[in-house]
Amino acid sequence: MTNTATNLQMFETGSSTNFLDAVLAKHGSEPSALIPILQDIQENDRYLSQEAMDQVAHALDLSAATVYGVATFYAQFSLEPKGKYVVKVCDGTACHVRGSLPVYEALRKRVGLANGTFTTTNGRYTVETVSCLGACVLAPVITINDQVYGHLTVDAVNMIIDTLEREGEHDD
Amino acid sequence: MIRTGEDIQVVQQSYGQALKRATARIVVCAGPGCVASGSPLVYQALLEELQKRNLYTTVDCLMEEERDGSGMLVTNSGCQGFCQQGPLVRVEPEGVLYTKVSPADVLEIVDAVEAGAVVKRLCYREPDTHQTIVHEQDIPFYKNQVRVALANCGVVDPGDIRAYIHRGGYQGLAAALERTSEDVIEIVSRAHLRGRGGGGFPAGRKWAIAARQEADQKYMICNGDEGDPGAFMDRSIMEGDPHSVIEGMLIGGYAIGANTGYIYVRAEYPLAVKRLQQTIAEATKYGLLGNRILGTDFSFHIHVKEGAGAFVCGEESALIASVEGRRGMPRPKPPFPAVAGLWGAPTVINNVETLANVPRILTKGADWFRSIGREQSPGTKTFALTGEVENTGLIEVPMGLALEDIVFQIGGGIRGGGELKAVQIGGPSGGCLTKEQMGISLDFDSLQEVGAMIGSGGLVVMDENTCVVEVARFFMNFIQNESCGKCTFCREGTLQMLRILQRIVDGGGTEEDLDLLVEIGEMVQLGSLCGLGKSAPNPILSTLENFREEYLMHVLDKRCPAGVCNNLRRFVIQADKCRHCAQCAKVCPANAITGSRTESYRIDQGKCVKCGACLSACRLDAIEEVY
Chain A
1 MTNTATNLQM
11 FETGSSTNFL
21 DAVLAKHGSE
31 PSALIPILQD
41 IQENDRYLSQ
51 EAMDQVAHAL
61 DLSAATVYGV
71 ATFYAQFSLE
81 PKGKYVVKVC
91 DGTACHVRGS
101 LPVYEALRKR
111 VGLANGTFTT
121 TNGRYTVETV
131 SCLGACVLAP
141 VITINDQVYG
151 HLTVDAVNMI
161 IDTLEREGEH
171 DD
Chain B
1 MIRTGEDIQV
11 VQQSYGQALK
21 RATARIVVCA
31 GPGCVASGSP
41 LVYQALLEEL
51 QKRNLYTTVD
61 CLMEEERDGS
71 GMLVTNSGCQ
81 GFCQQGPLVR
91 VEPEGVLYTK
101 VSPADVLEIV
111 DAVEAGAVVK
121 RLCYREPDTH
131 QTIVHEQDIP
141 FYKNQVRVAL
151 ANCGVVDPGD
161 IRAYIHRGGY
171 QGLAAALERT
181 SEDVIEIVSR
191 AHLRGRGGGG
201 FPAGRKWAIA
211 ARQEADQKYM
221 ICNGDEGDPG
231 AFMDRSIMEG
241 DPHSVIEGML
251 IGGYAIGANT
261 GYIYVRAEYP
271 LAVKRLQQTI
281 AEATKYGLLG
291 NRILGTDFSF
301 HIHVKEGAGA
311 FVCGEESALI
321 ASVEGRRGMP
331 RPKPPFPAVA
341 GLWGAPTVIN
351 NVETLANVPR
361 ILTKGADWFR
371 SIGREQSPGT
381 KTFALTGEVE
391 NTGLIEVPMG
401 LALEDIVFQI
411 GGGIRGGGEL
421 KAVQIGGPSG
431 GCLTKEQMGI
441 SLDFDSLQEV
451 GAMIGSGGLV
461 VMDENTCVVE
471 VARFFMNFIQ
481 NESCGKCTFC
491 REGTLQMLRI
501 LQRIVDGGGT
511 EEDLDLLVEI
521 GEMVQLGSLC
531 GLGKSAPNPI
541 LSTLENFREE
551 YLMHVLDKRC
561 PAGVCNNLRR
571 FVIQADKCRH
581 CAQCAKVCPA
591 NAITGSRTES
601 YRIDQGKCVK
611 CGACLSACRL
621 DAIEEVY
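Just so you know, the protein sequences line up as chains A and B, in that order. When the first sequence is numbered by the working numbering, its final residue is 172 and no position is left out of the sequence of numbers. When the second sequence is numbered by the working numbering, its final residue is 627 and no position is left out of the sequence of numbers.
Keep in mind that a hint or two might mislead.
Residues on chain A that point at chain B, a partial pick, calculated with CB under 7 Å [what the hints assert, rightly or not]:
#1 Phe-19
#2 Leu-20
#3 Pro-31
#4 Leu-34
#5 Ile-35
#6 Tyr-68
#7 Phe-73
#8 Thr-93
#9 His-96
#10 Gly-99
#11 Leu-101
#12 Ser-131
#13 Leu-133
#14 Gly-134
#15 Ala-135
#16 Gly-150
Residues of chain B clear of chain A, computed beta-carbon distances all greater than 10 Å [as the list claims (entries may be wrong)]:
#17 Leu-19
#18 Gly-86
#19 Arg-121
#20 Glu-178
#21 Glu-324
I should point out that these hints are in silico values taken from the structure, not numbers from a laboratory. By construction, the Cβ of each residue, glycine as well, lies at the ideal position given by its N, Cα and C atoms.
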């Protein structure tokens, strides 16, 4: 349970001012720096909070609407916190014809996602589809925090999540 | 530090001599396929085994101690192509290819290399003849390929610039800098190099337009936003031979008069981003990027821009908007980017594979390039061969090769001896080709004629277990998600087409829906600004034309002959086989099965939820799935 508590706390806090300053220093404050800045915040916080977007808008002298527009345009950004494990199920053509959707459904069921949601209530897993990971020969393929798993079956998915769950027990 | 063309040759020669001094070079594939199947562990095991036996050496050691036979090299390479058989390990200079290698095989491999022998059991076995093929170049998968853009991919260590130079790298740049920029453009124009990203626009003409513009600032952009689902050629080049992309950009930059370049890489390729950044740092260290390159007045700097997950950014004007930090939405053309592009400056955008071809054209000449492929589509094309084919992987063939040669000779036919049904080419902008069209020549113009396109080069082979209607729905779902929303026809039209297709696969479609799809499709083609919208209906229109029968089965008979569309599945109990055990009725979640000890069981199709539980519960095989 401690794990969940820490996660939630982190979600609420969002980016520290120091972190934002460092990111701004790294990328500069030209309008073209907007996407790289948001990418760094997304990576650090696992989402873009409204405060973070406001601060970025202020620092780059852009309207809040412009920042929000960019944040909602690109699939990489999320306005809600993503889970500790981000599971990306490839639904490219090759994966699709070799059964990516049953894998996706099995994953959702295994981690207990309710209809219409993508992140578990304990903030542990986010399960989403991506259009193509470019690893078509491994179809169907998923990544969990950028670790690649190929030639997946429903059984394999359950085994992978079991392993993550066991690791989770250590954390607690 | 490299300051002249001669310096390049010095590096080339000294590296070549060092390689020759090694007793062997063991190349472990580190392409995405092989890495996921465990090639890093194989590499590690090889390294440790060679060190244990005191056989291990590095190129640097060989360069210093000029002694022959003083050890073995072990290096990584980018994708070697034959991903189906990974992890791959190739032993040079003989070119012995080991397939499906595990760390447990390493002892045997090192023993064999030491003894000058071959571990036959790890070599590729031809499935038909059961013949063992030792050398890579004799395997049918490789034998029928011609590698130009991929010439170094899977051969060189992508992390070592000297390996690239050893293979003739940066000599294209040296050749270009000895000429005027006009001459360079003339060579590329004469080679008739056409854009490999899908459009097929002549690169030379694009360069000429940008070169003509009077401007203080011009830009060269490499489009590495390979978003087509089912395509990974550009990824393989960026990860496996990144210097060829850098060199291509340098030559383009010199030709058009640009001193700054951007490589736009999609966010889903983190390794490519890292590799390119390292490559830029390495080329800068060697003086091949930066100021006064090779002692000339030409200066060039390259930055990597990471995409953020938007398919439409593969379109030139959307890509520019994204680099500028805005939403990636296309704008009307003209003006074309070559006239007014990034921050209003003349900008040339070339695809990764196009740029990888450029250095070779400069070193080998336009005539050489034109001697490969077709008159109007010279050169080669890389394809990602995937789906239900025996040999999946990364391939490169001369333009104009027949599709059937790719599927059956290189691809080894349909997996598990199945029946070929269709080949999807060109991703969401392309179309589905039928069995009857397998003789088609793969080049820009022949495909255009049949409503498909080469696209960036994804080839997904489908067997009879694939439902083309469902595939059409899949592509429309993708496009509808990725439409940027600017043009009404694309935004609303794709949504309506998706709804109709969803209705058809769910069993609620009518024959009129098919006409409606064509009507909306044609309007979306006409009413969209960019290539995404213009080509969005292609997968539907081409399948409607080539597989109309299958659509009709879905809408009229409510049947899916491939057995894919869940709502159209039908389960029937065969009365003569049923022994009234009631197992099926017990597991049915919808209480759709009724019967008694005397009366045979039957399924109420109206109540059935198509879950298939009865099928697996029946021990007498009395339940049949009807397609």
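Results for each hint:
The criterion of a C-beta within 7 Å of any C-beta in chain B is not met by Phe-19/A, whose closest approach is roughly 19 Å, and the hint is violated. Interface hint at Leu-20/A: violated, since its Cβ lies 17 Å from the closest Cβ of chain B, which is beyond the 7 Å cut-off. Interface hint status for Pro-31/A: upheld, as the beta-carbon distance to the closest one in chain B is roughly 5 Å, under 7 Å. The interface hint given for Leu-34/A is met, as the beta carbon of that residue sits about 4 Å from the closest beta carbon of chain B, less than 7 Å.
Residue-level restraint check for Ile-35/A holds (minimum Cβ-Cβ distance to chain B is 5 Å; threshold 7 Å). Contact between Tyr-68/A and chain B, as hinted, is not supported at the beta carbon level, the nearest pair being about 11 Å apart and thus beyond 7 Å. Among the interface hints, the one on Phe-73/A holds; its C-beta lies about 4 Å from the nearest C-beta in chain B, closer than the 7 Å criterion. Because the closest C-beta pair between Thr-93/A and chain B is about 4 Å apart, less than 7 Å, the hint holds.
With a cut of 7 Å, the hint placing His-96/A at the interface with chain B holds, because the nearest CB-to-CB distance is about 5 Å. Annotation: interface hint on Gly-99/A violated; nearest CB of chain B at approximately 10 Å, more than 7 Å. Evaluation of the Leu-101/A hint against chain B yields a violated restraint, the C-beta minimum of about 9 Å exceeding 7 Å. For Ser-131/A, the interface hint holds, the least distance from its beta-carbon to any beta-carbon of chain B being 5 Å, beneath 7 Å.
Below 7 Å, beta-carbon pairs count as interface contacts, and Leu-133/A has one with chain B at about 6 Å; its hint therefore holds. Annotation: interface hint on Gly-134/A holds; nearest CB of chain B at approximately 4 Å, less than 7 Å. About 5 Å separates the beta-carbon of Ala-135/A from the nearest beta-carbon of chain B, less than 7 Å, and the hint is met. Taken as an interface hint, Gly-150/A checks out: its beta carbon lies about 5 Å from the nearest beta carbon of chain B, inside 7 Å.
Consistency note on Leu-19/B: stated as away from chain A, and its beta-carbon is indeed over 10 Å from all of that chain's, at 29 Å minimum. Residue placement check: Gly-86/B does not keep its beta carbon more than 10 Å from all beta carbons of chain A (closest about 8 Å). For Arg-121/B, the shortest C-beta to C-beta distance to chain A comes to about 22 Å, beyond the 10 Å cut-off, and the non-interface label holds. For Glu-178/B, the requirement that its beta carbon stay farther than 10 Å from each beta carbon of chain A is met, with the minimum near 35 Å.
At roughly 5 Å from the closest C-beta of chain A, the C-beta of Glu-324/B falls inside 10 Å, breaking its exclusion from the interface.
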